Each structure stands twice: as C-alpha cells, then as structure tokens.
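Residue numbers (the numbering used here), protein chains in the order written: chain A, 767 to 883; chain B, 1433 to 2250; chain C, 1334 to 1812.
Derived by calculation from the structure, the hints in this document are not laboratory data.
Because the structure is a prediction, the values reported are computed rather than measured.
Errors might be hidden in some of the hints.
Ranges of calculated distance between the beta carbons of each label pair, as one might list FRET restraints [stated by the list, open to error]:
1. B/Ala2011 / A/Asp771: 31 to 41 angstroms
2. B/Ala2165 / C/Arg1575: 45 to 55 angstroms
3. B/Arg2192 / C/Ile1430: 20 to 30 angstroms
4. C/Arg1502 / B/Val2153: 46 to 56 angstroms
5. C/Arg1575 / A/Ser878: 15 to 25 angstroms
6. C/Arg1798 / B/Leu2114: 29 to 39 angstroms
7. B/Ala2165 / C/Arg1798: 13 to 23 angstroms
8. C/Arg1506 / B/Val1938: 47 to 57 angstroms
9. A/Asp771 / B/Val1953: 32 to 42 angstroms
10. B/Ala1893 / A/Asp771: 43 to 53 angstroms
11. C/Arg1575 / B/Val1953: 54 to 64 angstroms
12. C/Arg1575 / B/Val2153: 47 to 57 angstroms
13. A/Ser878 / C/Arg1506: 49 to 59 angstroms
Every residue, glycine too, gets a C-beta built ideally from N, C-alpha and C.
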Amino acid sequence: MTTGDPLALWRSNPFFVLEVATDATPTDVERAGQRLLALLTVGSANVQTYPTPLGPATRDAEQIRQALAALRDPEQRVLHELWASVIPAGGQASANGNAGPWEEAERALGWSALWAR
Amino acid sequence: MTTRPLYVGIDLGTTNSTVAVFDAEEITLIRNSLGSVLTPSVVRIDARGNVTVGARARRFLDTDPTNTRSEFKRLMGTTHQLEFPASGTVRRPEELSAEVLKSLRQDVADQLGVAPQRAVVSVPALFELHQTAAASNAAMRAGFERVELIQEPVASAIAAGWTQGGSNGPWLVYDLGGGTFDVSLLETREGLLRVVGHDGDNFLGGRDFDRALMDLAIARLAADGVVIDRANPQHARALRQLRLAAEEAKIELTRAGEAPIFIAGLDVDGQVVDVDLVVTRPDYEAAVGPLIDRSLAICTRLLAANGLGDGALERVVLVGGPTVTPLLRERVRAVLGADFGEGLDPMTLVAQGAALFAGTVALDGRPAAKAPPSTGPKVWLQFPAMTSDLTPFVVGKLLEQANTIKQIKISRSDGEWQSEPTPCEADGTFAVMVRLLARQNTSFAVQGLDGNGQAVTLQPANFSIAHGITLGDPPLSRSIGVALADNRVQVYFNRGSPLPIRRTFVLHTVETVHPGTEGHVLKVPIVQGEFAWAHLCRLVGTLEIPSTELSAPLPVGSEVELMLELDRGGQLRAQARIADLDRIFDQVALLMTPQVSLEALADALNKLRTRAADLSRAAFLDRSGKTAARLSAAVPRLDEAEQNIRAAHGGDLDAGEQARRMLSDFDALLAEIEAEQAWPELGRKIEESFAMAVSWVAGHGNDAERSTLNETYQACKRAFVARDADEVERQRAVIERLGVAAYFRHPGAWEWEFERCAARVGESTDVRRASELAAKGREAVRQRDRETIERIVRELWSLAPVDHDEQKLGHGSGLRKR
Amino acid sequence: MGAVAGVVIVIVIVRILSGSIKVPAIALAIGAKVGLFVFTIAMVQATAPEVANAVLHAVAFFLIWAPTPLLRWIVVPLRMPRTAYWTVRICFPLGLIKEIEAAAVVYGALALVPKGPSDQTISWLERKLRNAETMQGSGVVAAGLLAALRKDVDRARGLLATADRMHPRLIPRTMRAIARDWLVVDAARVGNWHRVIRLGRHGVTRLRWSYSMARIGERLTGDPQAWRNWQLWPCFLWAPRRRVTYPLFRRALAVPVRRPVQLDAAPSATEFSLALGGLARALEVANAHDGELLARSVQAVDRDLDSMREMIEQRLGMLGSRRDAGSVLTQFRQHLIDLVTPLIEDDPYLARAAQPGSIMEQAVWQVRRRLMGDIDAQCRDYRDRTAGESSLDLVAEWERWAWLNSSAIRLLELDSAAESVVFQMVYAPVCNFAVYQHNGRKRIALAHDMFIWLLRYAQSVPEARQLLAKNVQAGIAGI
C-alpha cells in the first residue's frame, strides 16, 4: 500500500478549513462557513486553497459543510480544537538528515514514468 | 417593488395535512375550499374515476370504504397496491399522497394566486430511505418541480424557535401524530438550532388511541353477547363504524368527563344492534395509559442517551392532535419535568416550521420570473435568505463590466446603515458584511462604484434577508452503510450527519468472480439502521454487478471504490468503481418493503417465541437477571404483534405492517442478547481449543510448535480482550491446527479418525463411494496399513457435507473491509 | 559455400522443429544462430562493399550472438517498444531462451519507460504477455513493469519483489537485476534505506548495483557497521551507473562512520501543542522512515494528552455538553492510531520502535489485523478454487500469489515471531492450490515458486517440510 500524504487528514481539520480560531463563537463559525460557501458558489478564484500550520491544502463545498456540522457538535468541536492547536516544529527532526529520500532516483535512471505523480 | 418570496411548507400527515407559507416576515396558514387549515389525508375515487380529497372524501369512509382510503402514509415505500373497485383502478400509497399534495398545492393557488413550483414537505424523523424517497416522488407527481424534505420534529422545532425567541439550552419536541411518534432533543445557542438526537416509534400514534378505545368498546359489547372479531373480514364494516365513533368520543373526552359511543343499527353477523355505551375519562385513560407510557419511555431513553437527567430540559413542545389529551399532558409534565412551550398550535406547527425551513434554504415557490429589461450590469448575489447572525456576509460576482466597476456598496433600505465601499477582486467577486434588523426582514440596495466613484445601478438592485434562526443542513435520522460479507456494516453516514452528503470508501471483494457466469453477481447491499450486525439493519437497496458485465475475472481482494450520496430529498445514489476493470457501475435496485404474507408473519412469531424462551432459560441458568428482565419486559410486544396479525387477517393492512415491524425489532433484541451471550461462550471455546492442543503438542509436538502454540494463545487472548472476533477465530484456528497436527503423529490417530468418519458415512455427499471406502478402510485397519488408512480418511473428508455459505447473513454481500 | 552451409543448417533446424529430431531448446537456438550467422556473413561478403563489410559484420555478430547489450544501449534508448519486442523475438538472447516472449515484453516495457506510458502500447504488450506460452521470472518482471506503467505501484512492487526472490532456475540474472533495480529505486526515492539495505545485502543473489546501494544506505543511516570510505570506493567503482549514483555516493561519504546516533532528547514537560508539532514533523514524508523518531513523537503526544483532561472538561461545559472528557480522549487516541497505521503498513520496519502498550503498538496491531485478514481472504479463495478446480489466467495467478506472499512478508517484517502462525494459516490452502496448478494446469513454475516459499517457513512442522522438499525436487526436475 502506497501512503499518500500522511498529513492530508490533519490539514482538513474544520478550524483550518473554515479559517477560524479555536475560540471562535458559534456565530463566527457559521458566518465564516456561509461566506466560504457563497464564494465557492460564485466561483471565486483562490478560495479553494487555504493555509494551515502544516502547509496549504484545498477544500470544496462538501468539506466546508462537513466542517460546519462537525463544529456544531460540542464533543467533535473539542476534539478538533485539540488537533488544531498544533504548533509546527522547526529545524531538522531526524538525527541524520542525510538519510532522507534520494529525490533524483527515478529521473537519474530515466524511470520517472514508472511512479505516479 | 420586489415581490415577496413564497416559501411553502407542507405537513403531510397520517390523518390530516396542512400547508403554510412564509414571506420572509410572517407565516400564513392556507385554508382549503371548505375554509379549514386542516385537510384530512383521505382520497376517494368514484366510479367515474373522479378523485376527491379531504373532508369531502372523508364523508365516504363509512359508506363507501372500499373506494375511500385513509392513513396510507405509513404504507409509503411498501409494495402495497390499494384497490378502488368502483373505477377498477389500483393505486400505490405514494400516488394517493400525491393526490393530497396536489390538492394542497391547488389551495395555495386559490388563496394566493400562484401555484408553487417548489416546497418543503415534512416526513417523520424515523422514516427510512425508501419511505422518504416515496414522499419525494409523491411531491414530484403532484406537480412540484423541486422538493426538499425535513423531519417533522425539526420542522416543529424551527417553528417553536421562531415563536419563542432566543432562549438557550436543551428542549424537547414531543410529536404524537395520527400514526407516528417522534421525539427530538434540540438545543438553541445564539440562534443556532441544533438537533442533538432523535428517537421515536413509526407505529405509535393517535390511531392507536382510537384502537385502544375501540378495544374497550368491543370488550363491553362482548360482555353483552355481541362479539366483534378483528380477524373476521365480515366484521370490517362494524369495526370501521366503531372506530369513527371511538374517534369522536376521544375528542369529546379531552374536554368532558365522559363521552357516549352511540351507533344505531350496527350489523354483526346478521344481528343488528344499537350500540349505546358511555366511556368515562378514567376508563379511557386506563386504556391509553400504556401507550403514553411507551412514548415516555422513548423520551427518557433519548434523554439518557444524551446524558440528560431529570429537570435538565428547558421546555417541551407538544405537536400533534393527540397531545391535547389531558392525561398525556399531565404525564409528560410529570415525567419530563419541564414546562410546555406556550402559544403553539400543535396541529399546524409542523407546516409552519416547514415553511420557515424553505426560507432558510431559499426555496422560493414562485415560478422563475422573466428577467426584467436590463437596467444595469448583472451581478450574481449569494446571501442567506434567513439567518440568526445579525452581520452575515453578502457575496457576489459581477457578471458584466467587471473591468469598470471597482467597488461595491450596500445600503439598508431604512437609510440607517450602509457599508464602506468594498473593492472587488480581479475576478469580479466581492464579500460585504451587512447589518440586519433584529427579528425582521431587512431590505438592502446594492450598487457598484466605478473608478471615479460614480454609482452604477446593478441588476438586481435590491435583496432582503430575514433575521431569525440558523438551522444549517438537516440531519440524517438513521445511519446508512454497506453490509459486508462478515455481516458487519461499513457505516457511510452516521445518524445526525448533515444532508446532502457523499462519502467514498475502498472495499475489497471476498471471492473471485468469473465473467459470464450466469447468475453470479457481486452484490453491494446498502442498509439503514444503528445495529453493528448487517442482517439486523434494514436492506434499502442493492447495487449489483452481474458477472456478465465483467470483461475479465475479478480476483479476490480486488479493490472496489464505492461512493454513496444522499440528497436532502432522500434520494440515494451509489457508484462502484472497479479499478482493475476501469469500469463504473451505478445501477442501484432500490427496495420497497416487501409484502410479507400473514402466514410468514405468524411463523416468524412462533420462532421468535421459541428463541425467547430458550434465551430466558439460559439466562435463568446463568443467573443473568438483567437479561431475564429485558426479555420478560419485551415479551408482551409479541402478544401485541399477534393481535395485529389477527387484525391484518381482517383486512387491516396497517396492523400487518405494524406487526412486521414489531417482529423485526424483537428479532434485533434477541440477536443483541445472543451476541452478548456468545462472547463469554467464545472465551470458553478458546480455553477448550488450547487445552486440547496443549495435551497433544506436549506429547507429540516439537519445541517450535510449543513456542508457536503459546504465542498464538497470547495473541488470541489479546484479540478476545479487544473484542476482535475475526482475529480471535483466526488465532483459534491456528491453535486447533497445531493440536491436530500433533494429534495425527500419534500412532493410533488415523485409525481413530477412520472410525469416526466411518460412523458418519450416511451423511456423506456420496454415500455409495463413502461406503466403499469404509469397507476398504476396515481391511486396512485389520492389516495395520497406516498409509492406506490415511489416504482413505482424506478421501472420506472430501465427501463430508459442506456448511452453508455464511454470506447469506450479510445480505449476500460480496465485499469486505481491510 | 558459406551460404550453402548456412542453408543446410537451417534445413536441419526445420526438421528438428517439425519434430523429426529431438534436441533441447538451447541447442536449437545455438544451432539456429550459427546457421543464421554463417548465412549472413556469406551474404554480406558477397554483396556489401569493403567499407561496409566490417560494420555489417559487427552488427550481425552482435544481433546474433550478443543482442542483450545492443538492446540495452541502442534499441531501448531509442524508445521503440515494438522494435525492442521484435528484436528479442528474432534475435533469441540465449540467457532468455526459456521465456523469450515474456522477455521480449520486458524490453518493450523498458523502451516505453522514457517515452511515457501510452495506453495503446501498454495494452499491446499486455496482450503479448497473456499470449506467452510460458511465464516464469521474466513474465513476472514483465507483469510488474506493465503494472508500474499503469501507475499501479503496489501491484508492481508485489510482482517485482516476487521475481526478485525467485529461485535462480526460474529467473535469468538480467531479469532479476531489472526487478531489483526497480525495487531499490522505489525504496530509495522515499528514503526507505532499510528496505534498500535488505534488498541489496540479503537478496537471493548479489547484484552489483543494488549491493553498492545497500552499502551506501548503511552509511546514510549511520549504521555503526557501515563500511568506511576506503571500502566504499571500490564497491562504488565496481558497480554500474556510477555517473547517476555519484551525488548520492558523495552524500554518503559525508556521513561519518561509527558515530553514535544523537537522538534529539525527548522533550520532557512539552506543551501539548509542541508535541503535536513534533508529531507532524515526524509524519512528513521526508522523515517517515525514521521509526525511532515517529515512536517518540507519538508517545510524547499520548503522554501530554492526559494533561489536557481538565481543559477538555472545561471546554465541553462551555459548549453545553454534558459528557465528560473520556470520550474525547478515546476518540483522539483512535485518530492518532489511524494517523500512524498507514505509515506502518507501508513500511512495517517502523514497527520495531513500538514500545509495548503504546499507541504505536496499537497501530501495529491494527496493521497486523489487516494483513491477517488479507492473507485469510486469499487463502479462502485458494481453498474455494482448488475445490472448484477453477483457475485464472497465468498473469492473474501470479498477481494473486504476489499479493499473498507480499502480505505475508510484510506481516513478518512487522512481527517476525508470527512466522509459525502465518505458516499454519497458509500451508494447506497454498500447498493444495500449488498441487492443483502443477498437476491440473501444468503451471510448473508457479507451483514450484509456491513450494519453495512455503519450504522456507516450514521449519517447525517436520511433515510439511518433508512433503514440500519432495515437491520442490519434483518441480526443479520439470523446469
């Protein structure tokens, strides 16, 4: 099984999707969701991409509605607040940065076409 | 001047239906041609094929019952065909509902001069998928071009919230209609209405109160020697007359201490009698008390499930005609410990709420107006038609002259507020925060500003937003998922998920499907319900992939990317993508509830009684008091089901449906108890298997096998603690295999095994061959020819009878989850 | 004269092909090449001018006697898949004689790689593979490359791993090298150096490039047993592809040998949010194969989670919920397990860092359960198809077998102690199915591979070992 991006699910945290703070009031949350859904409906450029502490991600109307629903439930909201409280770590996490991927591997052997992009 | 919007809401009730309209400021109840806001849900088709709906049809319920139908709402989504002999037609319940909706639509046209194209129709919260789909289809048949559904308690809650104003905290909607009981727990916070939970009973309503009163009357008549039997079709007319009289008496008893049941000339088996009974309020209350208690048990169950104890509710909103019963109001207040919402009409609250909901989703019923001559560049506006937020956003996009118009300004029509000029983005979009007036409809004007700050009139130039409540997407009332081959459910949409909703999961096939194999189908059963076991959930549809559609074999473990989508109209869409074949399949056979024969129901009832008795006995022997108590509390429902089956014999279709539902619920209860009992039993099996294996491996195994046995036993125990049944069975199988391998190293093992197989030759799939082998085997035993004995035993094993496929339990599903 | 001799030899060969005379295939191929070579030389000498003589002699020589280098250095880089296919079919490289059709598909696929996948050409190659008379190691490599061209990396990985660990009688060295090279690149491109090391150092046969990559990998991961510079240089120079591997080699040389790995000190009183940040960093693809880091990050979050209980209760109260924090904490932990599970499934080696009772261990258990389920499902299918005597086409059967054994191998990487358990699960269904394929469908190579694989894990069951050894012997004789 090939792993996709392990952080993709984390980036779709409702607070990130709606671009609201974890202490936002229910009205703030609804207002943010309403605005984003309306912008998506009229086809506004740039609204599909949103920033997160873990890098940018993309959203659609379905995700925004799911995010609104999740934040209406108190238990779900608190759970998502926990995940959204991440403070990204800086610097090199691995003891040995040299053991990272060999990114030119496929290209070097002329085999780029054999791995999905 | 802009035309006011026309948001239409319809309460399609079991007994009566109502339609209300909301124009963004106030709600109006529509009156029918007889001047009433309540239209009986009764349809008559006469000999000429003319269709009559409402009170006019209701008059014929007694005199022409075969051509006049009522209370067909509970039959929606079933395969019942209702006959109208006079005209020689048959109609499905959905078609009759369409006639009622058509009549209501006409009433709106008559009163307001416009036939609505779109509406919101209410359905009971616990309606299943095929029932909601039937309601949707009925509305389309009635001439609506678009319809959205809302659960009745949610509609009541919206209406109650609108009326009662802003108060926070949990509250309950107790909706007892003619045929169904719904209870919903809601919460309002800053104008946001949230449905916390649902519960109810699709077969508990005012009709059952009538029936209780009828039973009282029948018992009294029986004492006087007049025997009326529900199971006797000859007594159907008498029962109808009795029911109508009971209904009138029931209404009388809400305000009087006693009421007569008088029927002149009741014909029973040729004997004509005058029925003249007096029913006192205490008699009536004693008869309906258990029904009220049943509803309250459901309420307390809902509260407990959501962590609410006594006195936690802010208020209770009563909905439905039967809630005017004094005893009911008394009991509800006593048990739930909360005041009732005041100023709310229980008969029309649902319709009002449905109309309000149409407002929140901007479902304007007016036909699309012709675009007026263009007076300025067009702009596409998006804003909530109704919201609890006093400062919502208005978003838009300039469709014309996006290069010349640089800014947007919005001003309130009362002149008290206007926005700062807001720059447009390069693509012509903008978002402006506006300020509403509290609890009213606020009108705004929107204009563009060019590069010099000059105003540019836009098209449309005005819009309005109502301040009220925010509901958001209506929640799904029952979980929906896919049945798997191991009888589990892959839940797609949890109860409470917002609609519309779409999810995709990757599942895997459990067997190889060869192309072109006639009759071989890969089944993807879609189920609805809260049970972990698929066979207990209701099968609502199946996506089938016939092997004739495959271009190549589909090996076991093939990925099937399955998408389910459910819209607000209750319509389900399913799509299966098989990557290996690069094909998409999307034909879902949606199920109606099949008509079960009364004989099958009676048979099921007997089997359930036997199972319940066995479980009670086991519970008694195990000293499991809790289980025994659960069973003894539930068993009276079987008696009720039996009564309903008898009534169904007498022509009462509704009673038949109710019996079917009761038996299904009872089956689920027994399955739950059996599953609970099975777990400790599995623990015992693990110990037995281990003990057997240890005894053989100790004597005839090697060190590696002993070590493997211990490790496997530990893994098995761990899986048992984690309640992972699959893993337990896998590890147990390995334990047994180790034991068996060691067992067969014993010099006498093959002989013993031969004796065991030889004793069961009669059960073989090929008895003749098995007998021959048995004879040869005996000879080999005499000669102590171990190799031959082993060969013969292996062949006897291959002739042993095969177990039935377990897949049948999972509705024949061909999929598993990793 | 030469032309006449050539013609005579070809006639003899035709007689052989018609069945009048029986000889082994390789002798036949050599004979055909001799005849063709003699004939070609004669024709060239008779017709070509002096200047072109030498060139044409050389071309004829290579085409007939050494087509493989010609294919690798000229035909494949020319990006002509069908030409590559037919070149192999016509030129009969001796090393690939047993599976000439499948080998032709391999070279066709290799020629397609730099060009980019073309559905039409891939389908053409797939058809050729399906129609091949025999399918052993070369066929499995061909199926793997075609799956990779279809972007089905998981399937490709399974097939090529199966090819890589086949018995040398079943797969030519050239083909094994192609399979292993792909696997090494597949692991190295994401930084899974443990897998590179296992492939290069513990494979069935040692191959120069993968061995060199494995040694480089040991140095990159700071293995205390890694070779020093003076040992690495000759290893690197002896391996092919030096030019493209040089930057990586330099990177490895920059890592000092035998320095104890300085792990970041586990943050003690870490704020929960920072612990989450550490976890996010550990999850990023670049560091996803550092099991120690991942385990520590997960543990830090799990440990700090309990300190959040009071805050959670407060927030629930403020939001109007009547539930306690327990449910939220349980859901959070489950999310944590779900976050880590796909990584462990992709690289079971990560599981070695899991401490007993930890969240990582629960994730490992979840992966173990999934893999057991996969193995169980495939074994049931083998049981059913053996009983029903139903079979898929050979390519599909190799795919199913590759899926089963790669699931089993991943399970054993996850939990090496489960070897006997896995063997007990798979022995009967796989062995019986292999017997059916061998006796009923004459798929000797497939059956043989299954027996060999089972024999490797049959240490604890003497009867099974005996039976499998007998089957393996019988299989070898038939190949």
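These are the hints, each one checked on the structure:
no.: 1; hint: B/Ala2011 / A/Asp771: 31 to 41 angstroms; result: violated (20 angstroms)
no.: 2; hint: B/Ala2165 / C/Arg1575: 45 to 55 angstroms; result: holds (52 angstroms)
no.: 3; hint: B/Arg2192 / C/Ile1430: 20 to 30 angstroms; result: violated (54 angstroms)
no.: 4; hint: C/Arg1502 / B/Val2153: 46 to 56 angstroms; result: holds (47 angstroms)
no.: 5; hint: C/Arg1575 / A/Ser878: 15 to 25 angstroms; result: holds (20 angstroms)
no.: 6; hint: C/Arg1798 / B/Leu2114: 29 to 39 angstroms; result: holds (33 angstroms)
no.: 7; hint: B/Ala2165 / C/Arg1798: 13 to 23 angstroms; result: holds (21 angstroms)
no.: 8; hint: C/Arg1506 / B/Val1938: 47 to 57 angstroms; result: violated (38 angstroms)
no.: 9; hint: A/Asp771 / B/Val1953: 32 to 42 angstroms; result: holds (37 angstroms)
no.: 10; hint: B/Ala1893 / A/Asp771: 43 to 53 angstroms; result: holds (47 angstroms)
no.: 11; hint: C/Arg1575 / B/Val1953: 54 to 64 angstroms; result: holds (57 angstroms)
no.: 12; hint: C/Arg1575 / B/Val2153: 47 to 57 angstroms; result: holds (55 angstroms)
no.: 13; hint: A/Ser878 / C/Arg1506: 49 to 59 angstroms; result: violated (26 angstroms)
Hints 1, 3, 8 and 13, counting from the list given before, are not met by this structure.
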